[in-house]
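Line order of the protein sequences matches chains Y and W. Note that this note's numbering numbers the first sequence so that position 440 is 440, with each residue one more than the last. Note that this note's numbering numbers the second sequence so that position 470 is 470, with each residue one more than the last.
I should point out that these hints are in silico values taken from the structure, not numbers from a laboratory. Keep in mind it's a predicted model, so treat the numbers as computed, not measured. Errors might be hidden in some of the hints.
One copy or any two copies: either way a pair holds, since identical chains are not told apart in the list.
Here are the computed lysine-lysine pairs in the DSS-like style, where the Cα-Cα straight-line distance is at most 25 Å [what the hints assert, rightly or not]: (1) Lys337 to Lys388; (2) Lys542 to Lys491; (3) Lys52 to Lys337; (4) Lys226 to Lys96; (5) Lys491 to Lys517; (6) Lys170 to Lys52; (7) Lys222 to Lys682; (8) Lys374 to Lys517; (9) Lys517 to Lys532; (10) Lys517 to Lys499; (11) Lys337 to Lys542; (12) Lys374 to Lys45; (13) Lys532 to Lys571; (14) Lys593 to Lys302; (15) Lys52 to Lys100; (16) Lys499 to Lys532; (17) Lys45 to Lys571.
There are 2 protein chains.
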Amino acid sequence: MVKAFNFFRLILVLSIGLFFLSIIMAVQGSSTEVSRHNLMPVPAKISFEQGKLPVNSEFRIVLTGYQEPRLKRAARRLIQRLSIQTGIYLLYEVEKDASKAILEINCQGPGEKIQSIKEDESYTIEVNSSRAYLSATTPVGVLRGIETFLQLVTLDSEGFHIPAVKIQDKPRFPWRGLLIDVCRHWMPAEVIKRNLDGMAMCKLNVLHWHLSEDQGFRVECKSFPKLHEMGSDGNYFTQHQVREILDYARDLGIRVVPEFDMPGHTTSWLVGYPELASAPGPYQIQRFWGVFDPCMDPTREKVYTFLDTFLEEIARLFPDDYFHIGGDEVNGKHWNKNPDIVAFKREHGMEDDHDLQAYFNKRIQAILSNHGKKMVGWDEIFHPDLPKDIVVQSWRGQDSLAKVAAEGYSGILSHGYYLDHILSASRHYQVDPLDRDAAKLNAEQKARILGGEACMWAEFVTPETIDSRIWPRAVAFAERMWSPQNVKCIKDMYRRLEKADRNLEWLGITHRSNYPKMLERLVGNHPIDSLKVLADIVEPVKFYTRPHTHEYTQMTPLNRLVDAVRPESNKARQFRNMVDEMLADTPNYMTNKEIIREWLTEWRGNNSILRPILEESFLLNEVIPLSEDVAALAEAGLQALDYLGSNQRPPQSWLNGISSLLDRPEKPEYELEIMIIPAIRKLIEAALSLLVSHNFEDSDAHGWGVEYP
Amino acid sequence: MVKAFNFFRLILVLSIGLFFLSIIMAVQGSSTEVSRHNLMPVPAKISFEQGKLPVNSEFRIVLTGYQEPRLKRAARRLIQRLSIQTGIYLLYEVEKDASKAILEINCQGPGEKIQSIKEDESYTIEVNSSRAYLSATTPVGVLRGIETFLQLVTLDSEGFHIPAVKIQDKPRFPWRGLLIDVCRHWMPAEVIKRNLDGMAMCKLNVLHWHLSEDQGFRVECKSFPKLHEMGSDGNYFTQHQVREILDYARDLGIRVVPEFDMPGHTTSWLVGYPELASAPGPYQIQRFWGVFDPCMDPTREKVYTFLDTFLEEIARLFPDDYFHIGGDEVNGKHWNKNPDIVAFKREHGMEDDHDLQAYFNKRIQAILSNHGKKMVGWDEIFHPDLPKDIVVQSWRGQDSLAKVAAEGYSGILSHGYYLDHILSASRHYQVDPLDRDAAKLNAEQKARILGGEACMWAEFVTPETIDSRIWPRAVAFAERMWSPQNVKCIKDMYRRLEKADRNLEWLGITHRSNYPKMLERLVGNHPIDSLKVLADIVEPVKFYTRPHTHEYTQMTPLNRLVDAVRPESNKARQFRNMVDEMLADTPNYMTNKEIIREWLTEWRGNNSILRPILEESFLLNEVIPLSEDVAALAEAGLQALDYLGSNQRPPQSWLNGISSLLDRPEKPEYELEIMIIPAIRKLIEAALSLLVSHNFEDSDAHGWGVEYP
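So that you can see chain Y by itself, here it is in the shape it has in the complex (with noise of 0.2 Å):
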């Protein structure tokens, strides 16, 4: 008896430990939990108290500690956002009296004078429910703390108001970028200014500018005027606009490393300047899209004096510490057509291009380096003859990356972070930069990798789409970029990014408001609802399917369905929790049983309604089958579900029907994934475990049980 009671105690105890252990856990932000703030990157550290601070028009802020008008302008900015937000009428002023303001932001010194991967970005916020204190090292650090304090703002209903909280934040990598190509399609200052709003939201700091490609020349370069002139079709950045956006991103805390591509990936640069190349031009600017033979001839002094002059005049423009020069996917062809190049590596005992290129490099590393610039450049550029304050961008992944690490320089990822790959938030989200080979580093290795850039490459976006392939997507990479390495929830990650989402458009990004509007476009004088239905379950395809199955140029409309549907379709998702959900409770199927069969009606009927707008617009004539399919799979959907309802047996005849259309086109015609089958998948499996038990080998003939297990 007494030891029974002893017993029941002693898991009392352990129970109500475990109890606060796990609330602690929560707190700290441990991997699986769903938490409950909608902050996006997540904190390192955040712990809630009880209460909430009212935020309404008596909003205000003070300034104190060190002062710059950078700051100032953040302030302003802030309470014009948090405005914007809430809809509440706020002064634009920011207090002199401490005591008056309800936020008070303190900064304890200035920052460094040219933005560094040293910057300090840490931040401190307390928040009880009479005031609200932001505190950080620099500016920098107070830019970051903004951004949280904002995604704090929440409504219930009472008003508006902050929760009660802690915080204390830094970011886990110093490295954490965008990579936007503004050659392969124009992006003009507008696009790049609002991106910036956009990395800022998220704790981005690194601007990745992809300024030369055999597509265009997009920077006014004054020392050779005909490398914008004749390079770019007149879509470039003169030098004030450069400026005006590198002020820009200052005051938002982030730097900006131009990349000037070479020696390959420069037909631009010769179509003025064909004296650079390594065969004979006339050159004109690449309308296609892939890796071309034009490039640079690495042999000759005259290429180095050139780029010693543009290099000066361009080093000065960016005052980054770090110079990208690509270094990417050199063919090589020309090289080995010019006998002059041939003869000059045998003369050096150079053994293949690669060596050439090397040589290449440490040449413009030398001249980078006078001019007071670090190099950084893709995999292709890492060799040991280079010192070691480069940086190395890894398309190749971790374990490349380890390497580098390994052997002393420093590295960034991208492998794994190429937007244009369209993939989902948490493809990319799940993705470290430290995993695999580069788990295995030691700290002082691990250290060298530095972070990481997700890219947005621009083959096929153009200043209407880019938004909506960057947002919301990119936020997840930050938050992997930003918050500890145990923050990885996806679920939680998804209802953060929805309010994420949300937040973009306030800032003036437009990737939710075009997509109506580019539905419009497409259905002429009809309504959109019923495009929409089909367009919100379907993607583009992935990787570089693309290209693969279309020719596409420059100037090639991208004003098709696959251009205006989302990266990522947030209706399947919810349909293959659904599903999920449905199949686990067994062996009734009930859960969400009737939602599932609206959604699936609703997909069957479609069809109808949207059949004779397709055939009416030239720009949807190609997506008839794809409407046809979704009706029919939505059809098989309906069945398998009556299916599992009845606990009857499907016939084989069914099943070979549906065989077929399970099979999907690699390369449709319209590009376009739908991408709810793997639910409908799911579903007719279970009608067809029904089945399997009974008649397994049959089933088996089908594939079903090694292609779905």
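Following the hints, complete the assembly by docking chain W onto the known chain Y.
Just chain W now, with coordinates in the frame of chain Y:
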């Protein structure tokens, strides 16, 4: 809100009268066919021919005839907009070789140096299957033609094209304005610019820029800097910004008429310069809405010295021939309290305040004339002492305007065009400047009625919501101003308005995109779908109900459902039309029955989904009863539908219950009207008529027969 409160009843009575009159007219004018194009405003003459001109990436423009930079910029904008509209990549180059161009734009000569009401705005367009030709006497005519040209672009199963067509077009009225009040709520330059784009799209040609008010003085004044420094909270246009906006407007063929309201509505002037006032200061910027006592002292010479200097500066800044002095709503209280002013009136034999104001106006008119300006003012300024070149803007209506014209003065109509009354597009559309007494004028007198202005008074709009209050309704007004008087088919107007509505978003007007954003703000973390179901069928209360429901100031947040919803519910209009069609389909009422049932069912069920969301948002708490009433109304509609189908008598108890539901509160807290009520009423009446035929007196006791004939 010029005639805000004093004349509310008058306006209401006039509007009701006008409404019935125009219903009669609309029926009479049913000769106008539903057109086969989307043009808005409808051109004076249009005839379609066989064939179509493809619009694709080969599209090029050539400018022939008279050349000026404004034309080149217009051509570039055309290319840019065509590119956005179609999603086709188009070169921004203007061809030099006419034979290579698809569109030839021929301008015959320069227009006026300062665009006036006499500017020739006519143009012709001819399109055949290989070429398009746009010709105009002046660059402004070219601008008008370009807008028509862009609206001709159509999507079909073969591509984008322009139908073969011949158009000869010119405006009906030379003064087609939009008043934007930037004083009650501050509207920054970007708001003005995007609304100028919207105006140009529908061929409006006057921005009436309401720049001073009790609540704000909005232009930098170099002679008297305390005007903007102390009268604006820092929210004013610098002269540099004003010039930018004037250039922008000129590029669009839009005149800009500045209004500085005087001698009343001048509190914001008096904050910095109390010596101008009729009563001792100090003064503060007015934060409330209404008509206030402060006004200038017309008896002091110093006031005229001040205004002479002021008007000299402002007259130089604004090049237009006309200058608007407001001149409305002087309540005279401060005049009559001031013994000096009372004495002055006595000495000069003035009978009342109107005489004193006429004296003031005459003095101001002389100063303006001296600075090269003609005077514009509201009805109140009309006085036989003034020269014939003044323009009277009438909030009173066509009868008042007819008097003005009969006496040899010019006038423009604004009565019936107050966008802040939140009436339907069709209401404004049916108001014609040459109706009522104006219809009886002779041709010469009629010609003095120069046109009209839609008015966007800014008590209840912010930069976030103003676009949705102006657009698309102002396009219906614009058509009334431009198109022949017999263009008045409402059904066709709405069809084309939907297309104009979409086009406006391409221009950057935010009236559509701000809707989901504002709903998202209201719901916090929830999805907006169920709120949208409710929001789609309600409208803000009309006329001056809002200021009589709550006490509003300049600082009151405009972030509630009443601010987010559209001024006109398209969904409710569709529902009304469907119900009308059904009820015309006697005796079985089958037309649209299923979709009507579907919609009613959705509305009935929506409350249970929406309720928890409304409870969790302090901004939505107030609409809980609204949502419940919609559910109950939908239920009543469904029951009526059942009675209609069964041909069964509704019991008396049913009627009693519904009666109270249809009696809506006149000033509901939530300031919204349920727009499906009229259609539901009709359903109930129809169900009731089954009863009536058997028991007429019983139903008459409920007033049905009388109230809804």
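Hints versus structure:
1. Lys337 to Lys388: neither (34 Å within a copy, 85 Å between copies)
2. Lys542 to Lys491: Answer is within: at 22 Å inside a copy they meet the 25 Å cutoff, but 45 Å across does not.
3. Lys52 to Lys337: neither (72 Å within a copy, 51 Å between copies)
4. Lys226 to Lys96: between (52 Å within a copy, 23 Å between copies)
5. Lys491 to Lys517: between (30 Å within a copy, 24 Å between copies)
6. Lys170 to Lys52: So Lys170 and Lys52 pass the 25 Å test inside one copy only (24 Å; across, 62 Å).
7. Lys222 to Lys682: neither (61 Å within a copy, 74 Å between copies)
8. Lys374 to Lys517: neither (44 Å within a copy, 44 Å between copies)
9. Lys517 to Lys532: Cα proximity of Lys517 and Lys532: in one copy and across copies (11 Å, 18 Å).
10. Lys517 to Lys499: both (22 Å within a copy, 12 Å between copies)
11. Lys337 to Lys542: neither (36 Å within a copy, 78 Å between copies)
12. Lys374 to Lys45: Neither, since 34 Å and 68 Å both go past 25 Å.
13. Lys532 to Lys571: Result: close both inside a copy and across copies, 11 Å intra and 18 Å inter.
14. Lys593 to Lys302: neither (72 Å within a copy, 81 Å between copies)
15. Lys52 to Lys100: within (18 Å within a copy, 68 Å between copies)
16. Lys499 to Lys532: Both: 22 Å inside a chain and 18 Å across chains, each within 25 Å.
17. Lys45 to Lys571: This pair counts as neither: shortest intra-copy Cα distance 33 Å, inter-copy 48 Å.
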